[in-house]
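**Q** Residue numbers (my numbering), protein chains in the order written: chain S, 554 to 961; chain D, 554 to 961.
I should point out that these hints are in silico values taken from the structure, not numbers from a laboratory. Take the hints with a grain of salt, since some may be wrong.
What the hints assert, rightly or not - Here are the simulated DSSO-like cross-link-like pairs (lysine-lysine), alpha carbons at most 30 angstroms apart as the crow flies: (1) 584(D) with 563(D); (2) 584(S) with 924(D); (3) 684(D) with 664(D); (4) 584(D) with 924(S).
There are 2 protein chains.
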Amino acid sequence: MSSTISPLAKPFPAIPMIGGVTLRVARARYKAWDRCDLTYVELAPGTVVAGVLTQSRCPSPEVEWCRQALVLGQARALVVNAGNANAFTGHRGRAAVETIAARAAQRLGCKPSDVFVASTGVIGVPLPIDKAEAGLDAAFVAQPCGWQAAAETIGTTDTFAKGAVTQAVVDGRTVTLAGIIKGSGMIAPDMATMLGFIFTDATVDAGYLQAALVAANAPSFACITVDGDTSTSDTVLAFATGAAGNAVLADDDSSGADAFRAALDDLCRQLALLVIRDGEGASKLIEVQVTGAESDRSAHRIAMSIANSPLVKTAIAGGDANWGRVVMAVGKAGEPADRDRLAIRFGNTQVARDGLAVEGYDEAPVAAHLKGQEVEIGVDLGLDGGSATVWTCDLTHGYISINADYRS
Amino acid sequence: MSSTISPLAKPFPAIPMIGGVTLRVARARYKAWDRCDLTYVELAPGTVVAGVLTQSRCPSPEVEWCRQALVLGQARALVVNAGNANAFTGHRGRAAVETIAARAAQRLGCKPSDVFVASTGVIGVPLPIDKAEAGLDAAFVAQPCGWQAAAETIGTTDTFAKGAVTQAVVDGRTVTLAGIIKGSGMIAPDMATMLGFIFTDATVDAGYLQAALVAANAPSFACITVDGDTSTSDTVLAFATGAAGNAVLADDDSSGADAFRAALDDLCRQLALLVIRDGEGASKLIEVQVTGAESDRSAHRIAMSIANSPLVKTAIAGGDANWGRVVMAVGKAGEPADRDRLAIRFGNTQVARDGLAVEGYDEAPVAAHLKGQEVEIGVDLGLDGGSATVWTCDLTHGYISINADYRS
Numbered sequence: 554m555s556s557t558i559s560p561l562a563k564p565f566p567a568i569p570m571i572g573g574v575t576l577r578v579a580r581a582r583y584k585a586w587d588r589c590d591l592t593y594v595e596l597a598p599g600t601v602v603a604g605v606l607t608q609s610r611c612p613s614p615e616v617e618w619c620r621q622a623l624v625l626g627q628a629r630a631l632v633v634n635a636g637n638a639n640a641f642t643g644h645r646g647r648a649a650v651e652t653i654a655a656r657a658a659q660r661l662g663c664k665p666s667d668v669f670v671a672s673t674g675v676i677g678v679p680l681p682i683d684k685a686e687a688g689l690d691a692a693f694v695a696q697p698c699g700w701q702a703a704a705e706t707i708g709t710t711d712t713f714a715k716g717a718v719t720q721a722v723v724d725g726r727t728v729t730l731a732g733i734i735k736g737s738g739m740i741a742p743d744m745a746t747m748l749g750f751i752f753t754d755a756t757v758d759a760g761y762l763q764a765a766l767v768a769a770n771a772p773s774f775a776c777i778t779v780d781g782d783t784s785t786s787d788t789v790l791a792f793a794t795g796a797a798g799n800a801v802l803a804d805d806d807s808s809g810a811d812a813f814r815a816a817l818d819d820l821c822r823q824l825a826l827l828v829i830r831d832g833e834g835a836s837k838l839i840e841v842q843v844t845g846a847e848s849d850r851s852a853h854r855i856a857m858s859i860a861n862s863p864l865v866k867t868a869i870a871g872g873d874a875n876w877g878r879v880v881m882a883v884g885k886a887g888e889p890a891d892r893d894r895l896a897i898r899f900g901n902t903q904v905a906r907d908g909l910a911v912e913g914y915d916e917a918p919v920a921a922h923l924k925g926q927e928v929e930i931g932v933d934l935g936l937d938g939g940s941a942t943v944w945t946c947d948l949t950h951g952y953i954s955i956n957a958d959y960r961s
Numbered sequence: 554m555s556s557t558i559s560p561l562a563k564p565f566p567a568i569p570m571i572g573g574v575t576l577r578v579a580r581a582r583y584k585a586w587d588r589c590d591l592t593y594v595e596l597a598p599g600t601v602v603a604g605v606l607t608q609s610r611c612p613s614p615e616v617e618w619c620r621q622a623l624v625l626g627q628a629r630a631l632v633v634n635a636g637n638a639n640a641f642t643g644h645r646g647r648a649a650v651e652t653i654a655a656r657a658a659q660r661l662g663c664k665p666s667d668v669f670v671a672s673t674g675v676i677g678v679p680l681p682i683d684k685a686e687a688g689l690d691a692a693f694v695a696q697p698c699g700w701q702a703a704a705e706t707i708g709t710t711d712t713f714a715k716g717a718v719t720q721a722v723v724d725g726r727t728v729t730l731a732g733i734i735k736g737s738g739m740i741a742p743d744m745a746t747m748l749g750f751i752f753t754d755a756t757v758d759a760g761y762l763q764a765a766l767v768a769a770n771a772p773s774f775a776c777i778t779v780d781g782d783t784s785t786s787d788t789v790l791a792f793a794t795g796a797a798g799n800a801v802l803a804d805d806d807s808s809g810a811d812a813f814r815a816a817l818d819d820l821c822r823q824l825a826l827l828v829i830r831d832g833e834g835a836s837k838l839i840e841v842q843v844t845g846a847e848s849d850r851s852a853h854r855i856a857m858s859i860a861n862s863p864l865v866k867t868a869i870a871g872g873d874a875n876w877g878r879v880v881m882a883v884g885k886a887g888e889p890a891d892r893d894r895l896a897i898r899f900g901n902t903q904v905a906r907d908g909l910a911v912e913g914y915d916e917a918p919v920a921a922h923l924k925g926q927e928v929e930i931g932v933d934l935g936l937d938g939g940s941a942t943v944w945t946c947d948l949t950h951g952y953i954s955i956n957a958d959y960r961s
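Sequences are here, hints too, so could you generate the full structure?
**A** Set out below in structure tokens:
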């Protein structure tokens with residue numbers, strides 16, 4: 554954890570323990586620090602798993618391991634290493650993952666493919682197997698801990714621990730969904746990869762959990778950007794233990810499926826926004842709403858073009874209602890747009906319409922809106938019904954300090 | 554011109570006047586400044602023109618005007634306004650361009666479509682027609698000026714005047730190619746659009762000039778990036794007056810065509826690099842060389858992904874040989890890449906090979922290389938013969954100061 558807490562930080566919520574999930578942390582000492590950096594989560598037999606993984610063409614061996622294991626859909630344990638991403642480490646990196654999975658599998662009497670592994674931290678340095686083994690052995694016998702301790706242990710450059718919880722009534726029973734997440738840039742001094750882990754006591758079919766997670770990912774994790782960079786290790790995994798004892802959620806027609814999916818969507822959105830709230834150097838959370846696009850996909854691309862524009866992000870940092878930069882970002886997205894139909898607003902104030910500045914618009918509410926910690930940019934393309942919402946943060950001196958003033 | 558000159562600035566070269574080209578500047582006072590801000594270039598009858606224009610879907614009316622006029626291929630004048638980009642200004646912006654073209658055409662007794670117009674500066678404010686007319690009238694009767702005065706007049710946030718010159722022997726005669734350019738971010742406080750103007754006394758067929766310019770643009774202007782943002786007004790125009798009296802260059806088989814194209818390529822590359830040398834906040838010029846890609850196009854995309862990565866650019870700013878960020882940028886490009894074949898070098902020192910850090914590589918020459926003003930990042934994908942070279946600058950506190958601390 555960094556010493557300077559993001560001004561956009563949220564307090565860690567009260568999250569109840571979830572049946573079938575036991576959290577433990579230990580010191581593997583992957584770096585010269587005095588903190589827990591290995592998280593070991595034991596999952597009850599019968600737990601199913603789903604996941605979404607980085608699209609990077611150069612993923613870490615952990616990502617490759619998870620991608621293969623996800624096909625089987627079963628999980629008994631999760632091991633998360635902080636301080637070393639083990640990415641770009643060749644066969645030695647792969648060996649480290651295999652060793653961790655084998656050791657946890659031996660402990661639990663399960664298959665190695667039931668053990669999921671994720672790592673975050675420096676890249677190019679193979680994860681030291683001896684440290685991983687010793688850390689894992691310590692975790693096996695550690696006292697179980699709570700969610701906040703686990704959230705702190707998976708963090709690297711994060712400035713605050715991030716967790717969220719939701720509930721839903723499924724088949725007459727209350728099921729709980731809890732998540733922890735880490736990440737502050739898409740990749741950063743210590744590879745601030747986004748690693749998110751969701752746990753529920755609901756009974757869910759593995760294939761249906763995968764479908765629900767993919768759907769929940771689209772408007773949440775896939776709609777946030779700090780700097781447009783993509784980690785080699787980004788991972789979101791969801792585990793369902795079935796301890797709640799509800800009739801299995803197998804498809805959208807299952808009793809309570811709607812409520813479960815709504816809760817999962819809400820949880821993913823909460824977790825995704827926490828990452829933006831810890832964006833490197835962030836002083837403002839920016840929501841970009843695009844409407845009137847030719848399609849939702851087109852709207853998403855335009856929204857991401859705006860959210861990734863250094864010039865838009867620096868303008869917001871400076872409290873400048875510079876809608877010209879928004880026009881620029883719309884134009885460069887390469888998606889259908891008609892300059893003379895474009896309308897732009899900051900907060901609730903329309904500043905441009907029909908390809909022209911709104912003459913004499915009231916600047917006071919715009920200035921007040923831009924002074925706040927949460928800024929909304931609205932763009933209407935006036936073409937059709939496509940829409941999208943994405944989130945980012947502003948680009949400040951803090952980002953440069955964190956990323957340029959650091960030495961590996 | 555800004556008061557703090559880029560540390561990467563080059564002195565303005567000695568450029569001879571070119572037959573058929575007369576440069577004049579005047580004060581239109583588009584902003585509250587005491588400097589020339591209108592450039593008027595008179596071109597001899599028979600001058601042909603070629604151009605490449607922004608790909609933005611929301612271009613300025615100047616861009617739309619030039620795009621139409623380029624079809625005819627004839628030019629008698631160029632008018633460049635600095636201080637107001639006239640972009641996103643609806644019908645009033647279009648009227649301003651038409652007025653300027655008509656006024657210059659009346660003066661010269663030519664068609665309005667023979668007059669090319671470009672503007673750069675704030676956007677969303679229609680170019681004041683009265684100021685444009687008065688400025689143009691003043692320019693008509695001003696004393697002709699030299700290249701440096703014209704280069705200074707087209708500039709906005711540029712910190713130094715940018716010009717270049719080359720020569721070639723064509724059909725037994727020496728022809729000269731000269732260019733001036735402005736731009737320091739792709740778009741900026743004052744819309745630091747890239748506007749480049751090339752002039753030659755060679756006799757060239759308009760269609761052939763267009764083909765040569767498009768070809769010269771690909772490895773030069775299309776291969777530079779400051780912040781990945783794209784202006785609504787980016788424009789490069791090339792004018793050939795024919796005053797040198799060579800036999801017309803009509804295709805690649807024409808006598809001297811090779812020499813002319815080599816000179817044009819060289820000139821475009823020189824001009825493009827000057828823009829990067831004036832990148833907002835730039836302290837280092839970065840050359841990214843990608844080899845071994847599946848195709849040249851794929852190599853270009855990977856190179857641009859590296860050059861646009863905020864994390865790569867901040868690492869170079871900090872003098873940090875953080876090749877992990879280069880791997881990240883390769884991975885996120887979405888192009889074919891095999892992690893375990895990837896090789897990366899800084900300067901001449903290989904730091905990673907076959908998907909692994911080069912064990913015990915000598916860090917001293919890398920550190921020395923990164924301390925310099927010109928940094929080279931080499932990436933070999935080990936797949937096939939595709940290659941590309943692009944240029945960018947580092948991302949520093951200066952960029953944030955220029956773009957966030959500014960108020961419109």
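**Q** Below or equal to 30 angstroms on CA atoms is what counts here, so check residue 684(D) against residue 664(D).
**A** holds, 22 angstroms
**Q** CA of residue 584(D) to CA of residue 563(D), is that 30 angstroms or under?
**A** Answer holds: residue 584(D) to residue 563(D) is near 27 angstroms, not above 30 angstroms.
**Q** Holds or violated: are the alpha carbons of residue 584(D) and residue 924(S) at most 30 angstroms from each other?
**A** Roughly 27 angstroms between the alpha carbons, so the hint for residue 584(D) and residue 924(S) holds.
**Q** CA of residue 584(S) to CA of residue 924(D), is that 30 angstroms or under?
**A** Measuring from Cα to Cα gives roughly 27 angstroms; hence the hint holds.
Violated hints for the displayed structure: none, as all numbered hints are satisfied.
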